[in-house]
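Chemist: Model the placement of chain B on the given structure of chain A, informed by the hints.
For the record, the sequence lines run as chains A and B.
Residues 174 to 731 (this note's numbering) make up the first sequence, in order.
Residues 174 to 731 (this note's numbering) make up the second sequence, in order.
Hints may be right or wrong, so weigh each one.
[Unchecked claim] No farther apart than 27 Å at their CA atoms in a straight line, the calculated lysine-lysine pairs in the DSS-like style are these:
1) A:Lys280 with B:Lys388
2) A:Lys414 with B:Lys280
3) B:Lys189 with A:Lys189
4) A:Lys188 with B:Lys465
5) B:Lys568 with A:Lys221
6) A:Lys263 with A:Lys187
7) B:Lys188 with A:Lys221
8) B:Lys280 with A:Lys388
9) B:Lys221 with A:Lys187
In short, the hints are calculated from the structure, not lab data.
There are 2 protein chains.
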Amino acid sequence: MAHKTDIEIAREAKKKPIQEIGAKLGIPAEHLLPFGHDKAKVSDAFIKSLSDRPDGKLILVTAINPTPAGEGKTTTTVGLGDGLNAIGKKAAICIREASLGPCFGMKGGAAGGGYAQVVPMEDMNLHFTGDFHAITSAHNLLSAMIDNHIYWGNELGIDQRRVTWRRVMDMNDRALRQIVTSLGGVANGFPAEGGFDITVASEVMAILCLATDLKDLQRRLGDIIVAYRRDRSPVYARDLKADGAMTVLLAQAMQPNLVQTLENNPAFVHGGPFANIAHGCNSVIATRTALKLADYVVTEAGFGADLGAEKFMNIKCRKAGLAPDAVVIVATVRALKMNGGVARADLGAENVAAVRKGCANLGRHIENVKQFGVPAVVAINHFVTDTEAEIEAVKAYVAEQGSEAILCTHWANGSAGIADLARRVVELAESGAAQFAPLYPDDMPLFEKIETIAKRIYRADEVLADKKIRDQLRAWEEAGYGNLPICMAKTQYSFSTDPNLRGAPTGHSVPVREVRLSAGAGFVVVICGEIMTMPGLPRHPAAETIRFNEEGFVEGLF
Amino acid sequence: MAHKTDIEIAREAKKKPIQEIGAKLGIPAEHLLPFGHDKAKVSDAFIKSLSDRPDGKLILVTAINPTPAGEGKTTTTVGLGDGLNAIGKKAAICIREASLGPCFGMKGGAAGGGYAQVVPMEDMNLHFTGDFHAITSAHNLLSAMIDNHIYWGNELGIDQRRVTWRRVMDMNDRALRQIVTSLGGVANGFPAEGGFDITVASEVMAILCLATDLKDLQRRLGDIIVAYRRDRSPVYARDLKADGAMTVLLAQAMQPNLVQTLENNPAFVHGGPFANIAHGCNSVIATRTALKLADYVVTEAGFGADLGAEKFMNIKCRKAGLAPDAVVIVATVRALKMNGGVARADLGAENVAAVRKGCANLGRHIENVKQFGVPAVVAINHFVTDTEAEIEAVKAYVAEQGSEAILCTHWANGSAGIADLARRVVELAESGAAQFAPLYPDDMPLFEKIETIAKRIYRADEVLADKKIRDQLRAWEEAGYGNLPICMAKTQYSFSTDPNLRGAPTGHSVPVREVRLSAGAGFVVVICGEIMTMPGLPRHPAAETIRFNEEGFVEGLF
Numbered sequence: 174m175a176h177k178t179d180i181e182i183a184r185e186a187k188k189k190p191i192q193e194i195g196a197k198l199g200i201p202a203e204h205l206l207p208f209g210h211d212k213a214k215v216s217d218a219f220i221k222s223l224s225d226r227p228d229g230k231l232i233l234v235t236a237i238n239p240t241p242a243g244e245g246k247t248t249t250t251v252g253l254g255d256g257l258n259a260i261g262k263k264a265a266i267c268i269r270e271a272s273l274g275p276c277f278g279m280k281g282g283a284a285g286g287g288y289a290q291v292v293p294m295e296d297m298n299l300h301f302t303g304d305f306h307a308i309t310s311a312h313n314l315l316s317a318m319i320d321n322h323i324y325w326g327n328e329l330g331i332d333q334r335r336v337t338w339r340r341v342m343d344m345n346d347r348a349l350r351q352i353v354t355s356l357g358g359v360a361n362g363f364p365a366e367g368g369f370d371i372t373v374a375s376e377v378m379a380i381l382c383l384a385t386d387l388k389d390l391q392r393r394l395g396d397i398i399v400a401y402r403r404d405r406s407p408v409y410a411r412d413l414k415a416d417g418a419m420t421v422l423l424a425q426a427m428q429p430n431l432v433q434t435l436e437n438n439p440a441f442v443h444g445g446p447f448a449n450i451a452h453g454c455n456s457v458i459a460t461r462t463a464l465k466l467a468d469y470v471v472t473e474a475g476f477g478a479d480l481g482a483e484k485f486m487n488i489k490c491r492k493a494g495l496a497p498d499a500v501v502i503v504a505t506v507r508a509l510k511m512n513g514g515v516a517r518a519d520l521g522a523e524n525v526a527a528v529r530k531g532c533a534n535l536g537r538h539i540e541n542v543k544q545f546g547v548p549a550v551v552a553i554n555h556f557v558t559d560t561e562a563e564i565e566a567v568k569a570y571v572a573e574q575g576s577e578a579i580l581c582t583h584w585a586n587g588s589a590g591i592a593d594l595a596r597r598v599v600e601l602a603e604s605g606a607a608q609f610a611p612l613y614p615d616d617m618p619l620f621e622k623i624e625t626i627a628k629r630i631y632r633a634d635e636v637l638a639d640k641k642i643r644d645q646l647r648a649w650e651e652a653g654y655g656n657l658p659i660c661m662a663k664t665q666y667s668f669s670t671d672p673n674l675r676g677a678p679t680g681h682s683v684p685v686r687e688v689r690l691s692a693g694a695g696f697v698v699v700i701c702g703e704i705m706t707m708p709g710l711p712r713h714p715a716a717e718t719i720r721f722n723e724e725g726f727v728e729g730l731f
Numbered sequence: 174m175a176h177k178t179d180i181e182i183a184r185e186a187k188k189k190p191i192q193e194i195g196a197k198l199g200i201p202a203e204h205l206l207p208f209g210h211d212k213a214k215v216s217d218a219f220i221k222s223l224s225d226r227p228d229g230k231l232i233l234v235t236a237i238n239p240t241p242a243g244e245g246k247t248t249t250t251v252g253l254g255d256g257l258n259a260i261g262k263k264a265a266i267c268i269r270e271a272s273l274g275p276c277f278g279m280k281g282g283a284a285g286g287g288y289a290q291v292v293p294m295e296d297m298n299l300h301f302t303g304d305f306h307a308i309t310s311a312h313n314l315l316s317a318m319i320d321n322h323i324y325w326g327n328e329l330g331i332d333q334r335r336v337t338w339r340r341v342m343d344m345n346d347r348a349l350r351q352i353v354t355s356l357g358g359v360a361n362g363f364p365a366e367g368g369f370d371i372t373v374a375s376e377v378m379a380i381l382c383l384a385t386d387l388k389d390l391q392r393r394l395g396d397i398i399v400a401y402r403r404d405r406s407p408v409y410a411r412d413l414k415a416d417g418a419m420t421v422l423l424a425q426a427m428q429p430n431l432v433q434t435l436e437n438n439p440a441f442v443h444g445g446p447f448a449n450i451a452h453g454c455n456s457v458i459a460t461r462t463a464l465k466l467a468d469y470v471v472t473e474a475g476f477g478a479d480l481g482a483e484k485f486m487n488i489k490c491r492k493a494g495l496a497p498d499a500v501v502i503v504a505t506v507r508a509l510k511m512n513g514g515v516a517r518a519d520l521g522a523e524n525v526a527a528v529r530k531g532c533a534n535l536g537r538h539i540e541n542v543k544q545f546g547v548p549a550v551v552a553i554n555h556f557v558t559d560t561e562a563e564i565e566a567v568k569a570y571v572a573e574q575g576s577e578a579i580l581c582t583h584w585a586n587g588s589a590g591i592a593d594l595a596r597r598v599v600e601l602a603e604s605g606a607a608q609f610a611p612l613y614p615d616d617m618p619l620f621e622k623i624e625t626i627a628k629r630i631y632r633a634d635e636v637l638a639d640k641k642i643r644d645q646l647r648a649w650e651e652a653g654y655g656n657l658p659i660c661m662a663k664t665q666y667s668f669s670t671d672p673n674l675r676g677a678p679t680g681h682s683v684p685v686r687e688v689r690l691s692a693g694a695g696f697v698v699v700i701c702g703e704i705m706t707m708p709g710l711p712r713h714p715a716a717e718t719i720r721f722n723e724e725g726f727v728e729g730l731f
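One chain only, chain A, in its complex shape:
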């Protein structure tokens, strides 16, 4: 029998009205702002009314370093949410929103896969509830206000060569990466260099995902550094009086979006910051709201645990006062084989030795997660070509590390295939074993924070940074930004900064190319290697094949 595709399964979903999904969490219909019949935003007033309630348990789903073989982190997040509900727990999941632009380059992403998906898939790949459009508008309003301020006399003394605030668009458009603006004469302003990033790379996105409420949102927006003066003093968005209007533009986008899984369980899909130059987690407000409404909240972080889980713990949990109760590390036999040196073309053949070798990558992530004081369990996301011996090799290896690996077949079987993991997660979370603490204290000097992550998480020998970068970090410390956490931007494919170095490398160095201050979001971005903030379209973009077919279904988007 031919397998159904993700989209075929999604289209067969028996969706319930979103009010019924909300009712599962006790959200009254009048506090759900509907977007169609299958999406809704939770009202600000209702969220405020929850503040005295106790929090449920927070479960983070993370993964080994990603490979082209695929790990299925979101699929496992969705599956585990369904699994917890299936064993009688009141559970909700919290994941990120998809970016529209990239869907027209490569194929768009499903939220999960197989029988562990969130729906409506089309909407989630397109405009959804308009959050990213609101972020684009707020970001570009600030850009326009900067140039407008200079145009009308530049009272703030902005050095136009030192405007750091670019523009954004939710589109893969390489032609906009580097541009010259304000050509054409006096009426159009002063010619200047500029450029566009993709919307998910906007600091406004990171801010929206870290803000606790509208007041906090406005404060953070005001804190954005948009430019410097000739004397190098910063100019803030607040100086331009842009923070109020940006907040108004973002108010609805701040409200978490509720949708459902294929098994009609609640899923909050909200926010989607880059996982390199930003922290790569769904919004704090969605996670917090879910914790007030559900006994178990399953969430995920971007990329592998070296980037995603590290930032989830050191940035999101630290800043939002969250404490995870258990961590699930997702691995697949195929991805472990690739970490063990097998080429993609050879993944079909059984190779227990390669699996065992690749387990070194998994083992280090287990160790790392435990450094944060949180118990970990491994989910083996089953693939049809996995052999019994390969699966046993993973289980045996993980057992040696003092942890447990559980085979999960949620992709094929939905919640029924992930009940064992769900039960183990409940045990871990209820055990009270978690003693969460971030990896470094707030008051550690910035460079030491970078070294701490590089040495304890990446297992590098050293961090390489020239004087200019160290001076910049010290200058920020003197300006009062020394207490911020670090947001590492490096390749997701390796513990090191070399994307080809799979497994569990040691003896490497972490060269810092550039540091950036995201003063509104509240972190220092440390860039190691090339980071692309505006993707391009491929030779044959997916857009060429996206269309409505004769039955009125969207084709080519998935």
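Modeler: Okay, now just chain B, sitting in the frame of chain A:
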């Protein structure tokens, strides 16, 4: 007693759930896609199911040439809709959506005013249901696909110097009017000149507003000319295979938005093309849907009747097969005084002579409307400073023209203040007097069409156009575009192309500066004078004062 502001009145509105508003028109709740509790889109399936129903009567509200004194065209449209409902008719109104960008420059617009408004006002000035964001995305996807095609080898042989498709953003940003893109080396493409227009100026906006369904939308999007080759042959969006993906991006935006008036009557607010380089009317699909659901549909067109009504008749009605049954021409005593030569500062003083002089402007619009075979009535939109003698002067003048002017106080009194006009509109519409015909036939040569509008509507002596422009028009005729209607882009402040020439000028010339082919929208744009397609922000943009106040209300937007 101090008058309440529009926003105060709007906030006191007793809004009904949008399903109740839909029910008034017989739209089942499952065919309303809600956006919150007070906005909804009407489903495609429901619209299709209406095709066999008879149409209601179509009433166009237009106005004299606009002045800084204000005419209240939208206010009268809304008031008349309420008035018709109040006298027992099943009526709906159809107006345009507001553009987000300009709200952050000058104050945002209300939809109507006083006790004749459409709500929710905040949403309508911000993201509303996301239609304009969808248009921005679809437009810029096409832009990215053009540059991407050139980047990957330029198989279609696009002459990069002749790319006519710019980019758009819904923001007032003068710095983006003229830019150079693709700087920074090989990976970013070939440097080129480019620029951004505001979203409402996008041809995609005009297309969405003229398309009859998704198929027609896709066909029109495919017809867009994006560039020319060295041999001057056109390259279409279809050649880039962009039309399918653009249609998918626009599918939801194509569904008309339903909201309500302060008196809880149905209002379709959908689409908002520029009224100079485009046709300035709400969407065909909204108007057609309303005509199937209501016995009376009141709609409006942009600017004064010389631009708005002319395009409504010659472009929208011609192309959509619509036939207006009556026209309301809105005038105010103040605006007539300004047309009669009174300065804005002196509008407070009674000046019957100036009113009578300014009536020449009104008189010509009455004549013009009758040229289309549609009966006209004048609405005097009452202002508190109007004197009895001034109002009588208008009434007497209009009576001399064989028409009738009716005093309306809907701004102060809602539907109760406009019952007389409503009754007269019903008489005119039911009389069967309307014998609508466009002003020129499809097969008239393009230049003759321009002359027809200039001479019969503007009362100019001649149209001035150099050889290059006449050759271009002939080339388009040879390419099969000769049957398109003309979309005039000239100042809205005068019948002539001189904005300072108020009243009813004669003996003037209409100089054509440029012609553009909107092959997808299906009209030839004729530009007479400077047309700004990307506004800038003023010295102190409204954005500086827009914020949430302590009560949680938006301030500064209105």
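Chemist: Hey, B:Lys221 versus A:Lys187, does the alpha-carbon distance stay inside 27 Å?
Modeler: Answer holds: B:Lys221 to A:Lys187 is near 25 Å, not above 27 Å.
Chemist: Sort out whether A:Lys221 lies within 27 Å of B:Lys188, counting only the CA atoms.
Modeler: holds, 24 Å
Chemist: Take a quick look at whether A:Lys188 and B:Lys465 sit within 27 Å of each other, Cα to Cα.
Modeler: It is violated: about 31 Å lies between the C-alpha atoms, which goes past 27 Å.
Chemist: Would the hint linking A:Lys414 and B:Lys280 be met if the CA-CA limit is 27 Å?
Modeler: The given pair, whose Cα atoms are some 16 Å apart, holds under the 27 Å limit.
Chemist: Are the Cα atoms of A:Lys280 and B:Lys388 separated by 27 Å or less?
Modeler: Holds. A:Lys280 to B:Lys388 sits at ~24 Å (cutoff 27 Å).
Chemist: Would the hint linking B:Lys568 and A:Lys221 be met if the CA-CA limit is 27 Å?
Modeler: The hint is violated at about 57 Å.
Chemist: What's the verdict on A:Lys263 and A:Lys187, does the C-alpha distance respect the 27 Å limit or exceed it?
Modeler: Holds, at roughly 20 Å.
Chemist: Would the pair B:Lys280 and A:Lys388 pass a check requiring their Cα atoms to be no farther apart than 27 Å?
Modeler: Holds - the C-alpha atoms of A:Lys388 and B:Lys280 are around 24 Å apart, at most 27 Å.
Chemist: Decide if the proposed pair is consistent with the structure: B:Lys189 and A:Lys189, CA atoms, cutoff 27 Å inclusive.
Modeler: holds, 25 Å
Against the hints set out earlier in the document, violations occur for numbers 4 and 5.
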